[in-house]
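**Q** Let the hints inform the model, and build the full structure from the sequences given.
Numbering (the UniProt record's numbering), first residue to last: 1 to 285.
Don't read these hints as lab results, they were simulated from the structure. Backbone N, C-alpha and C fix where the C-beta goes; we use that ideal spot for every residue, glycine too. Do not rely on the hints blindly, as some may be mistaken.
[Claimed, not checked] Here are the computed lysine-lysine pairs in the DSS-like style, where the Cα-Cα straight-line distance is at most 30 Å:
| hint | residue 1 | residue 2 |
| --- | --- | --- |
| 1 | K142 | K174 |
| 2 | K99 | K267 |
| 3 | K98 | K270 |
| 4 | K82 | K142 |
| 5 | K257 | K159 |
| 6 | K99 | K188 |
| 7 | K142 | K98 |
[Unchecked claim] What follows is a list of derived Cβ distance ranges for each label pair:
| hint | residue 1 | residue 2 | range |
| --- | --- | --- | --- |
| 8 | S117 | N224 | 27 to 35 Å |
| 9 | A215 | D118 | 28 to 36 Å |
| 10 | N204 | D125 | 37 to 45 Å |
| 11 | L163 | K60 | 38 to 46 Å |
| 12 | T157 | S274 | 52 to 60 Å |
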Amino acid sequence: MKNYFKTNWLPLALTAGFVIVMAILTVILLNKNQITVDLAEIPLRDRPNRNAKQLGYVTKHTKLRILQEDGDWTEVRKPNEKTGWVATWLLDRKTPLKKLTPMAETTIVLDPGHGGSDTGALSNDGQYEKTYTLKTALAVRKALEAYGAKVIMTRHTDKLVYLKDIPEIANRAKADAFVSFHFDSYGKKNVVSGLTTYYYHKDNGSLTLAKTLNAQMDHFPMKNRGVDFGNFEVIRNNKRPAVLLEMGYINTNKDFKAISSPGYPNKVAKAVTSGLDNYFYNESK
Numbered sequence: 001m002k003n004y005f006k007t008n009w010l011p012l013a014l015t016a017g018f019v020i021v022m023a024i025l026t027v028i029l030l031n032k033n034q035i036t037v038d039l040a041e042i043p044l045r046d047r048p049n050r051n052a053k054q055l056g057y058v059t060k061h062t063k064l065r066i067l068q069e070d071g072d073w074t075e076v077r078k079p080n081e082k083t084g085w086v087a088t089w090l091l092d093r094k095t096p097l098k099k100l101t102p103m104a105e106t107t108i109v110l111d112p113g114h115g116g117s118d119t120g121a122l123s124n125d126g127q128y129e130k131t132y133t134l135k136t137a138l139a140v141r142k143a144l145e146a147y148g149a150k151v152i153m154t155r156h157t158d159k160l161v162y163l164k165d166i167p168e169i170a171n172r173a174k175a176d177a178f179v180s181f182h183f184d185s186y187g188k189k190n191v192v193s194g195l196t197t198y199y200y201h202k203d204n205g206s207l208t209l210a211k212t213l214n215a216q217m218d219h220f221p222m223k224n225r226g227v228d229f230g231n232f233e234v235i236r237n238n239k240r241p242a243v244l245l246e247m248g249y250i251n252t253n254k255d256f257k258a259i260s261s262p263g264y265p266n267k268v269a270k271a272v273t274s275g276l277d278n279y280f281y282n283e284s285k
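**A** In structure tokens form, the structure reads like this:
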């Protein structure tokens, strides 16, 4: 036996090494296809769609086997062998949700109007609309993400995004809602005041979305001018539920005082988040 090992030590060592490496790789692959849930609850559905039948929840600390992915959804197997689909971004999330609502499973596109060489309208002291649309959209993104929504921005910085490309971002993402932020302007300074919610399509959820969002706009320091039809490219060429918000007149001093105040983006964020939460809740009933 000693002579056998002495003579064959190299192939035996190679075989043993191969077995060890394969065992390690197997463990790595098994762990790679597993994930532990960090959120308190994530809805489990029978298909990769937020409107699919809900089978229950996966809860915090549950170890799930990843079976396959379909777009933004992941099929998983629970320890009890029950399978279902969950929103991938919730599966990957580490920070707790502010509250679990139907909005957590949605994809929302936010469009800060103008940007780059397109400054938008000017305030009476020469400040650009594009600056305030971006501040507002970033505040809304933060508020929506606290509720678990997947948020896509048409721009994160001061850059130009061509109008024709903006609705396509929402169309490609199959967004559950699209919101474009703007500040209005009138031919004469300090004549018109207020905010308006615009829709283009009546039959794809846009009108309902506009009404639901506008219902949250009654407590702003300017007149709520209501819901109106708007022939704007970013909502006209949008196949998803889409609205354009004019959140005050930038060349009216009274409005701009509110628009440029530090708390205004968060005020808009609170209103838009509440409106979207109501919209998705009513849609899910």
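**Q** Please go over all the hints and tell whether each is borne out by the structure.
**A** Evaluated hints:
1. Note on K142 and K174: the hinted pairing holds, with a Cα-Cα distance of about 21 Å set against a maximum of 30 Å.
2. Among the hinted pairs, K99 with K267 is consistent with the structure: their alpha-carbon atoms are about 19 Å apart, no more than 30 Å.
3. Restraint check for K98 and K270: the C-alpha separation of about 13 Å stays at or below 30 Å, so the hint holds.
4. For the hint pairing K82 with K142, the CA-to-CA distance comes to about 34 Å; that exceeds 30 Å, so the pair is violated.
5. About 25 Å separates the Cα atoms of K257 and K159, which keeps this hinted pair within 30 Å; it holds.
6. Between K99 and K188 the alpha-carbon distance is near 45 Å, which puts this suggested pair outside the 30 Å criterion.
7. Between K142 and K98 the alpha-carbon distance is near 11 Å, which keeps this suggested pair within the 30 Å criterion.
8. Taken as a hint, the range 27 to 35 Å holds for the pair S117 and N224, whose Cβ atoms sit roughly 32 Å apart.
9. A215 and D118 have their C-beta atoms about 31 Å apart, which keeps the hinted 28 to 36 Å range intact.
10. As the Cβ distance of N204 to D125 is approximately 40 Å, the hint placing it in 37 to 45 Å holds.
11. Taking the beta carbon of each, L163 and K60 are about 44 Å apart, inside 38 to 46 Å as hinted.
12. Checked against the hint of 52 to 60 Å, the C-beta distance between T157 and S274 comes to roughly 27 Å, which is inconsistent with it.
Consistency note: the structure conflicts with the earlier hints numbered 4, 6, 12.
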